[in-house]
Every structure is written in C-alpha cells, then in structure tokens.
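Participant: Line order of the protein sequences matches chains B and X. Under this note's numbering, the residue at position 73 of the first sequence is numbered 73, and the numbers go up by one with no gaps. Under this note's numbering, the residue at position 11 of the second sequence is numbered 11, and the numbers go up by one with no gaps.
It is possible that some hints are incorrect.
[Claimed, not checked] Dumping the calculated SDA-like pairs for lysine to any residue here, alpha-carbon to alpha-carbon at most 20 Å:
| no. | chain 1 | residue 1 | chain 2 | residue 2 |
| --- | --- | --- | --- | --- |
| 1 | X | K39 | B | G136 |
| 2 | X | K104 | B | P94 |
| 3 | X | K104 | B | A97 |
| 4 | X | K24 | B | P64 |
| 5 | X | K24 | X | T72 |
| 6 | X | K24 | B | S98 |
| 7 | X | K104 | B | P83 |
| 8 | X | K10 | B | I135 |
| 9 | X | K24 | B | D121 |
| 10 | X | K24 | X | V11 |
| 11 | X | K37 | B | A108 |
| 12 | X | K24 | B | N91 |
| 13 | X | K37 | B | P94 |
| 14 | X | K24 | B | P83 |
| 15 | X | K104 | B | L95 |
| 16 | X | K24 | B | G93 |
| 17 | X | K24 | B | T89 |
| 18 | X | K10 | B | S66 |
| 19 | X | K6 | B | P83 |
| 20 | X | K37 | B | S102 |
| 21 | X | K10 | B | T84 |
| 22 | X | K10 | B | L51 |
| 23 | X | K13 | X | T72 |
| 24 | X | K24 | B | T52 |
| 25 | X | K37 | B | G136 |
| 26 | X | K24 | B | T84 |
| 27 | X | K10 | B | K132 |
| 28 | X | K13 | X | G109 |
| 29 | X | K6 | B | L95 |
| 30 | X | K24 | B | A108 |
| 31 | X | K24 | B | K132 |
| 32 | X | K24 | B | G136 |
| 33 | B | K132 | B | R104 |
| 34 | X | K13 | X | L26 |
| 35 | X | K37 | B | P83 |
| 36 | X | K10 | B | A97 |
| 37 | X | K24 | B | I135 |
[Stated by the list, open to error] Label-pair distances were calculated between CB atoms; the ranges are:
| no. | chain 1 | residue 1 | chain 2 | residue 2 | range |
| --- | --- | --- | --- | --- | --- |
| 38 | X | S98 | B | A10 | 51 to 59 Å |
| 39 | X | K24 | B | E58 | 33 to 41 Å |
| 40 | X | K10 | B | G93 | 13 to 21 Å |
None of these hints come from the bench; they were simulated from the model. This one's a predicted model, so the numbers in the text were calculated from it and none came from an experiment. Backbone N, C-alpha and C fix where the C-beta goes; we use that ideal spot for every residue, glycine too.
Listed here are the chains, written in short residue letters.
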Amino acid sequence: MEFSRRDAIALGLGAVAMTLVPFRVQAATATDDMIAEFTGGADMADSGVTLTAPEIAENGNTVPISVDAPGAVAIMILASGNPTPGVATFNFGPLAASQSASTRIRLAGTQDVIAVAKMADGSFARASSTVKVTIGGCGG
Amino acid sequence: MASGVKPRVKVPKTAAAGEAITIKTLISHTMESGQRKDKEGNVIPRSIINRFTCEFGGEMVVDVTMEPAISTNPYFQFDATVPAAGDFVFTWYDDDGSVYDTTKSVSVG
C-alpha cells in the first residue's frame, strides 16, 4: 500500500488525537472533582470573584495572575489543562485587608484558569479565564 | 532543596493604625514539580514549598496551600491590616520538612 500525503497527514492527526483525548478528559474530570470537593457540590454564582490573567502568556513557566473576591474566606485556583489541576488555595484570615492576592503560576499549555471563591455566608462564586500559552511550563 | 533558600519580604516600615498595607513576598526555591525528567529519562522527584502563611501577633492574615503549579521562586502579593505596632511573621513549609521564616516589624506613627 502506498502512502499518499493525505493519508500520512490523517494518520498523524489521528495519532495526536489519540494521545490528547484521554488526557484532556481525565484532566477535566479531575478539575470537576476538585471543584466538587471544595464546594461540596453547591451551586456557584458567576459574579463575586474576579480573576485577572493575561490573554496570551509567552512563557508558561511564570504566568502572573491575581484574584479578588470581596467577602471571601477562601479562593481556590485551578488550571484545567495541567497534569494536576490544583494550583493554590488562599485562605484569608481576620487581618487580611482585602480578599485579593497575586502570584505566578505554571501552565502546561493553552487552557482555562478557574478561580472558585468560598464566601463568608457559605455561598460560592466562580470565574474563569482562557490563557493562550506559547511555550508550556512543564519541561520535557 | 534546603540550600540557598532565601526569603525576601517587602513591608512598609511605618503605617497608621488600622491602615491596609500591601505586602510582597518572594522566596528562592526551585519548586521541582515532579513532572520533569532528567537526561536519563528518570522523573525528578517533587520538591516544592507546599504552604505559606503570614501572621500578625498570632492572627492569620493569609494561609496559602501551594501545588506544583506554582512557579519557581514563589511570589505572593496581598493586603494586610495593621491594627497596632508589631511584627509580621512569614513562614514557608517545604516538602522535605524544612521551615523557612522571616519577621518584619511595623511601627505605628
């Protein structure tokens, strides 16, 4: 059998899809599991938490992000496309002047960064932001 | 990695009582994620700082749980209220059991 250029491309794409698809699905489930664990399955409001992340990050090793959720007691940050979705959880004490924080995170590739805030009254809010990553931050 | 870890913290030296101040912290640490491989293809074991806390006079300002997705040389910026003159205590907890801490005094005037 002779390989045409078209066959070769189709085969190549198929192989890429085969490796990516199970990984993506697994990561997405892990993200949902972590959110469910944090919220206890409660509904999340769309407003109340602000997640600031760059639209395009040239280097996935240090992506500056900041979260702000007035009235929150804890904010969890997740990177849905990372090998392990957890990034950090901020717990704010009585002396925190504002429920906001900034840090730098690693992103393996283009993906959604999610922030879930737990409010003082027990409700939850969620925000997400898509970050395009030019060079992934997981090393080889 | 317990060597060469140096915490750096930026806190204003003076503040008004009850004033909100911005604190910036940086600590040098490789934050080995446990995902990378060395030249022979062996996985480099995870070695990160997994927790950071900032306290003032025994009261918590912020307590951060950190995962491998935090970048090398973890940086944090947050706001704290200064109720009176005293010390901010910053503590980092390493995977290997090491604890790094530093203290910054703030005077009210």
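Participant: Each hint: holds or not?
Facilitator: Tested hints:
{"no.": "1", "hint": "K39/X - G136/B", "result": "holds, 19 Å"}
{"no.": "2", "hint": "K104/X - P94/B", "result": "holds, 19 Å"}
{"no.": "3", "hint": "K104/X - A97/B", "result": "holds, 17 Å"}
{"no.": "4", "hint": "K24/X - P64/B", "result": "holds, 14 Å"}
{"no.": "5", "hint": "K24/X - T72/X", "result": "holds, 16 Å"}
{"no.": "6", "hint": "K24/X - S98/B", "result": "holds, 14 Å"}
{"no.": "7", "hint": "K104/X - P83/B", "result": "violated, 37 Å"}
{"no.": "8", "hint": "K10/X - I135/B", "result": "violated, 31 Å"}
{"no.": "9", "hint": "K24/X - D121/B", "result": "violated, 29 Å"}
{"no.": "10", "hint": "K24/X - V11/X", "result": "holds, 7 Å"}
{"no.": "11", "hint": "K37/X - A108/B", "result": "holds, 15 Å"}
{"no.": "12", "hint": "K24/X - N91/B", "result": "holds, 17 Å"}
{"no.": "13", "hint": "K37/X - P94/B", "result": "violated, 42 Å"}
{"no.": "14", "hint": "K24/X - P83/B", "result": "violated, 29 Å"}
{"no.": "15", "hint": "K104/X - L95/B", "result": "holds, 16 Å"}
{"no.": "16", "hint": "K24/X - G93/B", "result": "holds, 17 Å"}
{"no.": "17", "hint": "K24/X - T89/B", "result": "holds, 17 Å"}
{"no.": "18", "hint": "K10/X - S66/B", "result": "holds, 18 Å"}
{"no.": "19", "hint": "K6/X - P83/B", "result": "violated, 29 Å"}
{"no.": "20", "hint": "K37/X - S102/B", "result": "violated, 29 Å"}
{"no.": "21", "hint": "K10/X - T84/B", "result": "violated, 31 Å"}
{"no.": "22", "hint": "K10/X - L51/B", "result": "violated, 24 Å"}
{"no.": "23", "hint": "K13/X - T72/X", "result": "violated, 28 Å"}
{"no.": "24", "hint": "K24/X - T52/B", "result": "holds, 18 Å"}
{"no.": "25", "hint": "K37/X - G136/B", "result": "holds, 15 Å"}
{"no.": "26", "hint": "K24/X - T84/B", "result": "violated, 27 Å"}
{"no.": "27", "hint": "K10/X - K132/B", "result": "violated, 31 Å"}
{"no.": "28", "hint": "K13/X - G109/X", "result": "holds, 10 Å"}
{"no.": "29", "hint": "K6/X - L95/B", "result": "violated, 25 Å"}
{"no.": "30", "hint": "K24/X - A108/B", "result": "violated, 26 Å"}
{"no.": "31", "hint": "K24/X - K132/B", "result": "violated, 27 Å"}
{"no.": "32", "hint": "K24/X - G136/B", "result": "violated, 26 Å"}
{"no.": "33", "hint": "K132/B - R104/B", "result": "holds, 15 Å"}
{"no.": "34", "hint": "K13/X - L26/X", "result": "holds, 18 Å"}
{"no.": "35", "hint": "K37/X - P83/B", "result": "holds, 14 Å"}
{"no.": "36", "hint": "K10/X - A97/B", "result": "holds, 16 Å"}
{"no.": "37", "hint": "K24/X - I135/B", "result": "violated, 27 Å"}
{"no.": "38", "hint": "S98/X - A10/B: 51 to 59 Å", "result": "holds, 53 Å"}
{"no.": "39", "hint": "K24/X - E58/B: 33 to 41 Å", "result": "violated, 23 Å"}
{"no.": "40", "hint": "K10/X - G93/B: 13 to 21 Å", "result": "holds, 20 Å"}
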